[in-house]
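Peer 1: The lines below spell out each chain.
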Amino acid sequence: MPSLKDLRNRIASVKATQKITKAMQMVAAAKLRRAQEAAEAARPYAERMGAVLANLAVAFEGRDDAPKLMSGTGNDQVHLLVVATAERGLCGGFNSNIAKLARVKARSLIADGKTVKIICVGKKGFDALKRELGQHVIKTIDLRSVKNVGFSDADEIGRELLSMFDNGEFDVCTLFYSTFKSVMTQDPTAQQLIPASFEASEGDDSNGAHSVYEYEPDETEILADLLPRNISVQVFRALLENAASEQGARMSAMDSATRNAGEMIDKLTINYNRQRQAQITTELIEIISGAEAL
Amino acid sequence: MAELFQFELVSPERQLLSEQVAEVVVPSTEGEFGVLKDHSPFMATIKPGILKVLNEGGRWDEYFVRGGFADVASGGLTVLAEQAVLVKDISSEELDQQIKDAEEDVSDAKDDETKQRAEMTLSQLRDVAEALKAA
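Residue numbers (the numbering used here), protein chains in the order written: chain L, 26 to 319; chain A, 927 to 1061.
So that you can see chain A by itself, here it is in the shape it has in the complex (with noise of 0.2 Å):
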């Protein structure tokens, strides 16, 4: 059993989980990455993705996270998202509600830029909406 570490998911509307796990994997905008006790300090922004607790009962949980960051420092793990829901909480209509969302943010793009962001978000959301669809 690997050590334990204080994890915290918090989103705007209230604090999700806090408690002491053994791993949690970050889907980072810049790949997903997996955090054990003791990580270095470490911080990344998150896509929209699905982010995995394993417990104390080592049994892995998993969340969908929408926006936000995650924040490693030496008391444990903090991820502050936006949006943060039990996969199995989500509903299929929400997902596909949040996709229309990002086509429109991209067909509203005024610069390359923002067109290039909602782009990114929009295929993002997709790939979730796909894996979750395979499960």
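Next up, chain L with everything else stripped away, as it sits in the complex (with noise of 0.2 Å):
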């Protein structure tokens, strides 16, 4: 039985544990806002860029002069995972959630006799595949210093990757985030950078408008300029959407962490308050039986 003293300096600490968390998810808050804002910000933009380089694909299809970048290299011998995590923990099942999905996927290519690359961005990624598949990271990308990721961090990343596929490195490119859906839910997602895959173009109008649209420079030298593009935009919207939905993984994992510490508080106060009656009782006790006894 812990005594008297011990049960308040226990409740101590978890008021302030709960101070902590309470900070943490106001923190949490404030940022996501700005993280969402951000995403938001970028979206027209990329899905312009899906929609143009949609229609150029159709003209492309079946082509045997279409870029590789989109085409693939031929074979899918060697596959690049590039894990795109948090560089800070206390977020639920944010970064695990990723390196899981990261994880099975690169479980089932080795199983498969393929050759798996992995590049980390953000530390915790790292954490995470270190211990299975340590030897098959290639490289890690700290943003730590990165306040707010701009287009500039992504393009960097970007460039990196076409260089290695220009170089030959890797014939199959996937991009593991977090798609921010709310609050409550981010799911983690899986998307093949390289060959770009594209959804069908929406609507009919972009397709009619397709046979009389002019091009200058032609289709394949847009394309060329394009599809390398493509791959930093996609790049920096995975890093918003990763970043907004870390401070809501954040934001919920430190609501329940504050809901919790209040319960336990409400426990051990009231285990306190028992004791200390109990403690009152037995003085009593001591006291009347001993008066009695004279």
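Partial chain L-side listing against chain A, Cβ under 7 Å, derived: (1) 69; (2) 239; (3) 258.
To list a few chain A residues with every Cβ distance to chain L over 12 Å, as calculated: (4) 948; (5) 951; (6) 987; (7) 1016; (8) 1041.
No lab work stands behind these hints: they were computed from the structure.
For every residue, glycine included, the Cβ atom is placed at its ideal position computed from N, Cα and C.
Dock the two chains into a complex; use the hints.
Peer 2: Structure (structure tokens):
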């Protein structure tokens, strides 16, 4: 049975923890708003880019001179997994969910006899993967010094991927990140970057317009210009989605931590009061029985 | 007053402009082109340069744009640029930095094609810098 003093200390420490988690929750909420705004502001660009590329891709379907970024290298022996996670922990299952998705994919690829290379963006992903897949990790990219992810950060990663692709270091590149659905739900997502896959363009009017489109320079060159750009844009979008998801996950994790701490404090306080009463009763009994004995 | 059409200027970070305008002059890789209402569908890559917008009030706004493409569709004109800043907001240091980066790209280029490309970007950036300094 813990003594009264122990209980008092315990309550004080849980209260301190609660204050921290509460503060973290509020910080995450404030950051979340900003991250969400950034993610939403970036959406039009990525969407337009996707639509235009999808349009162009139709023209190249089945053609031999399609750029390699779109058609692939022709085999799929070497897979590159880009795992984008957070730099910090304490955000619920956010990091481990992404890492888990990547790990499952890596395992199945290895089981199929493929070569797997991993690039970790963010320290936590590396921490989660290094035990099992450490020897496959060829690079970790640290974004800790970056406060708000800018396009230039994504562009750097994109360029790196491109130069690796040009050097024939991999055939297929998949990007792992977490899509921001809402504060409560973040979906770990695997997206194939190279060769690029496009959803069929939506709506008839874009298709109808395609036939009369004029290109300057011609389609091949535009596509050659856009595809590398698209890689950076997709990486950028993933990083922004990740940032929003991370804050969302942290907010809900810290919210439940605060609630747990509150419950714990209540229980401990009841325990404490009970013991205090028991002690008073014991003391009273001692006094009364002492007085009666006289 | 010319008829208005929808113009959108989008950078990866945000949508800078989405409004009805009278005319836009876009610096494309093959030369500048102007867009008025009901331009035929057209797509072009853009070079680093100054994009001019004639808005409803008859005022020209100038933006520095770099890397991206312009898409003229029936709905209007969309310019997706890797970087887009109002000319009066851009600092010459920033431009100098970009020129420096481009110079590095030229010296780092491994094959002729990338070198050619980098040199082109560099000369385009220098043109812009000169144009801005003259203004």
